[in-house]
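In the order they appear, the protein sequences are chains E and S.
No gaps in the numbering here: position 186 of the first sequence is 186 in this note's numbering, and each next residue is one more.
No gaps in the numbering here: position 40 of the second sequence is 40 in this note's numbering, and each next residue is one more.
Where hints are given, some of them may not hold.
A pair holds if it fits inside one copy or across any two, identical chains being indistinguishable in the list.
[Stated by the list, open to error] Heads up, simulated SDA-like pairs for lysine to any residue below, C-alpha to C-alpha not over 25 Å straight-line:
hint: 1; residue 1: 193; residue 2: 204
hint: 2; residue 1: 226; residue 2: 71
hint: 3; residue 1: 56; residue 2: 202
hint: 4; residue 1: 226; residue 2: 198
hint: 5; residue 1: 226; residue 2: 165
No lab work stands behind these hints: they were computed from the structure.
Number of protein chains: 2
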Amino acid sequence: MDNKQLQELQNARKEKKQVVLATNLSSGVSELLYPFETDEITPLLEEARLALRFDKPHETEVVNEKIFLNIFNPPLRLFIVGAVHIAQKLAPMAAATGYEVVVIDPRRSFGSEMRFPNVALDDRWPDEALEDLSPDRRSALVTLTHDAKLDDPALESALNSDVFYIGALGSNRTNDKRHQRLISKGFSEAAIKRINGPIGLDIGAQSPAEIAVSIMGELTACLRGKMTK
Amino acid sequence: MDNKQLQELQNARKEKKQVVLATNLSSGVSELLYPFETDEITPLLEEARLALRFDKPHETEVVNEKIFLNIFNPPLRLFIVGAVHIAQKLAPMAAATGYEVVVIDPRRSFGSEMRFPNVALDDRWPDEALEDLSPDRRSALVTLTHDAKLDDPALESALNSDVFYIGALGSNRTNDKRHQRLISKGFSEAAIKRINGPIGLDIGAQSPAEIAVSIMGELTACLRGKMTK
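Go ahead and model the full structure; you've got the sequences and the hints to work with.
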């Protein structure tokens, strides 16, 4: 890896790009790949996509050449809108699973540090906060407030981004009404399908903690490319 | 509720029984029900079973009488065999979800308090520990050691108990070999089917924390009566 590549790699990481450093193990020649910035399908790009998706550097063989794929993924992030009971359970579970967590809630009485020890709290309105935090392909967003004034702007920001997971708490009825509002704002059916609602895996969750488990399960399945719905 | 009933209720709780106090809201007459200690099927018993399963006291109507069902469930418990990386993630998640957690591992170097802050550690052999801890219908057991010397005695204890969930880490091959060993010990196919192996929901889990999430999801689904396999 030469100086020019190193500089490029550093820049790419600063911009939170998903990069793979592919090194030919016989020749020592290496190249930087951005597999998710192209639709091209080659054996090497497909292997690189898998390595990024599973967060696993590995050795592979492409056209009789041994290639080592080193991966550089930006941090996983989870934005939780609504400093509610479920958030109190979800935030530490997500942090333990390797996510940088931000709980967004402009209602100051909800988002107290006492209720969320060691969690980053953001008291801006969701659309303002998310514009600043710029969610990417390694980010997930969950809305938990049951209040369209807070949830809708967050969901609209998420739909306009590359987040790998969007989940919205609420009954089927709430989801149907939200669907109508988003359609009237000009979002397509395909776009709205990105929203997982009702949120979480169907495990009969009862308590806030069990709902948090069902959300973490669904979020992980999306991250790792296992479709559940 | 009279003194005799109160005494009976206290004894039942001491013995970790699942009890429902059913009170007729017109007459005020109440009775104690043990819905899981009988196979009898009546509307009242079925309602009481649901209330216990979902941990929710509620009002119901049976044969035109309004009945309030108050539930007394023993604590949820999770026994984790193997003080390994996954256990380090699973123990706090389960504790946050309301389980009393015990990590069982006779290998002292594994089960250090430094690696498991605020978790009950038991350094007896699994069969000895479990005989003493007596798992019940509100208990779950998970084996994570990959070592038949430790996992098998734990699984045998669990199969001889009423635990609501048994999970065993290991590949399909490991599971097949374990299956053979349990058959040769005299366990029936139906009994062995109680073991969830490979363990956890199929969410593409990669890291120890993600595997812990998949286990918590499967365990919750079993507790709440949602079959997944």
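Verification of the supplied hints:
1. Taking identical chains as interchangeable, the C-alpha atoms of residue 193 and residue 204 lie at most 25 Å apart whether they share a chain (23 Å) or sit on different chains (21 Å).
2. Only within a single protomer do residue 226 and residue 71 lie at most 25 Å apart by alpha-carbon distance; the minimum there is 21 Å, versus 38 Å between protomers.
3. Proximity of residue 56 to residue 202 under the C-alpha cut-off of 25 Å is restricted to the inter-copy arrangement: shortest distance 19 Å between copies versus 29 Å within a copy.
4. With identical chains, the CA atoms of residue 226 and residue 198 are at most 25 Å apart both within one copy (18 Å) and between copies (16 Å).
5. Taking the shortest Cα distances, residue 226 and residue 165 sit within 25 Å of each other both inside one copy (12 Å) and across copies (24 Å).
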